[in-house]
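**Q** As a plain string of letters, each chain reads:
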Amino acid sequence: MEKGQKTGTELGMGRSERQPSTTQARWEEEVLNPALERSPERQEVFTTLSGVPVERLYTPSDLADFDYSHDLGDPGEYPFTRGIHRTMYRGRVWTMRQFSGFGSPEDTNQRLHYLLKQGQTGLSIAFDLPTLMGYDSDHALAEGEVGKCGVTVSSLADMETLLAGLPLEQVTTSMTINSPAAIIWAMYLAVAEKSGAELKKISGTTQNDILKEYIAQKEYIFPPKPSMRLVVDTIVYGVREVPRWNAISISGYHIREAGSTAVQELAFTLRDGMEYVEWVVRAGMSVDEFAPRLSFFFNAHNDLFEEVAKYRAARRVWARVMRERFAAQNPRSWLCRFHTQTAGCSLTAQQPYNNVVRTTLQALAAVLGGTQSLHTNSLDEAWALPTEAAVTIALRTQQVIAHESGITNTVDPLAGSYFVEKLTAETERACYEYFDRIDALGGMVAAIEKGFPQKEIHEAAYAYQQAVERKEAVIVGVNDFVTKEERPITLLVIDENVARHQRQKLEQLKKQRDNSRVQATLESLGNAAATDANLMPYILESVRAYATLGEMCDVLRRVFGTYEEPAFR
Amino acid sequence: MDRRIRVLVAKPGLDGHDRGAKIVARALRDAGMEVIYTGLRQTPEMIVNAALQEDVDAIGVSILSGAHRTIVPRICELLHEEGLEDILVVVGGIIPDADIPDLKKVGVTEVFQPGASTQQIVEFIRAHVRTVTSDE
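From first to last, the protein sequence lines stand for chains W and U. Note that numbering that gives the first Met the number 0 numbers the first sequence so that position 411 is 410, with each residue one more than the last. Note that numbering that gives the first Met the number 0 numbers the second sequence so that position 6 is 5, with each residue one more than the last.
The set of hints was computed from the structure by calculation and includes no laboratory data. Treat the hints with care, since some could be wrong.
Here are the simulated distance ranges between beta carbons [stated by the list, open to error]:
(1) U/48 to W/356: 43 to 51 Å
(2) U/127 to W/530: 51 to 59 Å
(3) U/54 to W/140: 21 to 29 Å
(4) U/100 to W/140: 25 to 33 Å
(5) U/48 to W/532: 39 to 47 Å
(6) W/86 to U/103: 55 to 63 Å
Since we're looking at a predicted model, the values are computed, not measured. Backbone N, C-alpha and C fix where the C-beta goes; we use that ideal spot for every residue, glycine too.
Okay, chain W solo, but in the shape it has when bound (with noise of 0.2 Å):
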């Protein structure tokens, strides 16, 4: 980093420039600050949980060169600040989608009917650390981890059994998997296909964002250039072949979860985005024949006005990003959609209860933000996976602020406030300076292997814990209010004997498929990636073929090579 030149937080936290008149300055003079010496405030300064001041009010003074067409437009116009839709809610409430995996491919399809049948309105699967990373659940470093995380995914049929059952055609389907996406995808097709569902009406979103493998969430396998391959690969196909599918789920959420503020986690998502926009269209795709199936995913943590000045900012940002600086003209392509998951770090292993309570105020901030889709979390999600329990509240938690809070009457309610307006505005500012410092590091993946947004995210997270133990920052019940005798909660265990019933189906389709053409489709596959061609057909033929996997990224690995982040000093 430059001499002089100030980190990503020092930026967030910039001074918003206000210029008190004449009149203002008498008054703080002669009224405010007298009535501040016999009752000062309870700080000196306030921020929100970012760090960014926040003011004691906000007036017109604050929107002096505010343009509601050019700031704001209406919902579903150019910028889109005020919701992507013109009805938003009132057309369609947003997607409730409980993000789900545990155990075996039996019991996350257990659970998967069961919140359907609770009302959630889409699927969302949670894959474990094997599956994630690419190991079959025999494989040696896939010992202890096998369905604890998420389900355990390893060949076909395993996919064939978790979506037993489940309606593809009138369903979507969210997957979080990133390295092995394009695999798992190719599953789920295979699936779609057997069950007689057309290609071309299936909805759903892999999340296939490598990018923050390498910032945050760190599930990578192979180096830069051949992930963002497979990226561009699953994009490409995607419109070509399945074109109501969202191939990326561009993610903040993992990049807050690591410790970001929310100006990093917008603005490192967005340049995510931007990076993946070039890469595309250097593949010779036109922007516009693929943008308007590119989709985000946010987190809502716990500060409410910063999470909405988040949401609001994103949308312009992206829509004039798009515009302006891709020259996108399809309307669509302007779109930020977004899914939202609340804030898993903000969950307290201590007094649980708590928890649902922070879960209802980050899921109110996604909606006031207009999201598209949600994910509440669970009460005892800082401990394990949910119980079914812990789910059910967690999606009822949706429900009740759908059904009875009345947020949902009318598009964009805090749109006009002094404060809203503000944040939102200095939000998509501070986003722009971190894109000119991206940009002057050579694009993201330069900015990646320098490191940058990792530090900044792990400068953040430092700040925050020092924060909490100097008791700046409360966490109720952790640092403040705390009760000695803990009531304890029913957990969610993992059968170890799960590992064990997949190692012997494992072992059985070894004996039942035919290992020739296995062998045949993982050579085709090989050969393949050592080219350019797209690897879409090559995998979906080896996934028909019932290849694993292991075996699938093995071949990847192999052609690819594998990569080992900078060390952390």
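Since chain W is already given, all that's left is putting chain U on it; use the hints.
**A** Positioned in the frame of chain W, the structure of chain U alone reads:
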């Protein structure tokens, strides 16, 4: 003259959540300890080997994936095989209360659950490392 306490901060298994491990590593450094952070995706063998090579006084294992019941005993077993039982082993991450007794039985001295402060961890390591090395 006391040499500085040497701590290995380790991320075993496939878990990539390193926010906490990096914060602890930095806090320990700020407190004057020498810290070696292993980086991600360490096998128990790699961790124990690093502990041996770096001649550490303590190992802090960070694990949030639920695989601790398999991975941590394996680390302790290998430490025992190498004659490294004197190394203080502490664990942090997502460890339910019910799992703590078994971890302590295999050689973990303390488990730091969500909500623990870096101050607590620093003080604990300072206090318990001295106890171990002064017995030699």
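**Q** Decide, hint by hint, whether the structure agrees.
**A** Quick rundown of the hints versus the structure:
1. Between residue 48 of chain U and residue 356 of chain W the beta carbons are some 46 Å apart, a value that agrees with the proposed interval 43 to 51 Å.
2. Distance hint check: the CB atoms of residue 127 of chain U and residue 530 of chain W are about 57 Å apart, consistent with the given range 51 to 59 Å.
3. Between residue 54 of chain U and residue 140 of chain W the CB atoms are about 28 Å apart, so this pair conforms to the stated range of 21 to 29 Å.
4. At roughly 27 Å, the beta-carbon separation of residue 100 of chain U and residue 140 of chain W lies within the given 25 to 33 Å, and the hint holds.
5. In this structure the supplied range 39 to 47 Å holds for residue 48 of chain U paired with residue 532 of chain W, their Cβ-Cβ distance being about 41 Å.
6. In this structure, residue 86 of chain W and residue 103 of chain U meet the distance hint of 55 to 63 Å, their C-beta atoms being roughly 58 Å apart.
Of the numbered hints stated above, none is contradicted by the structure.
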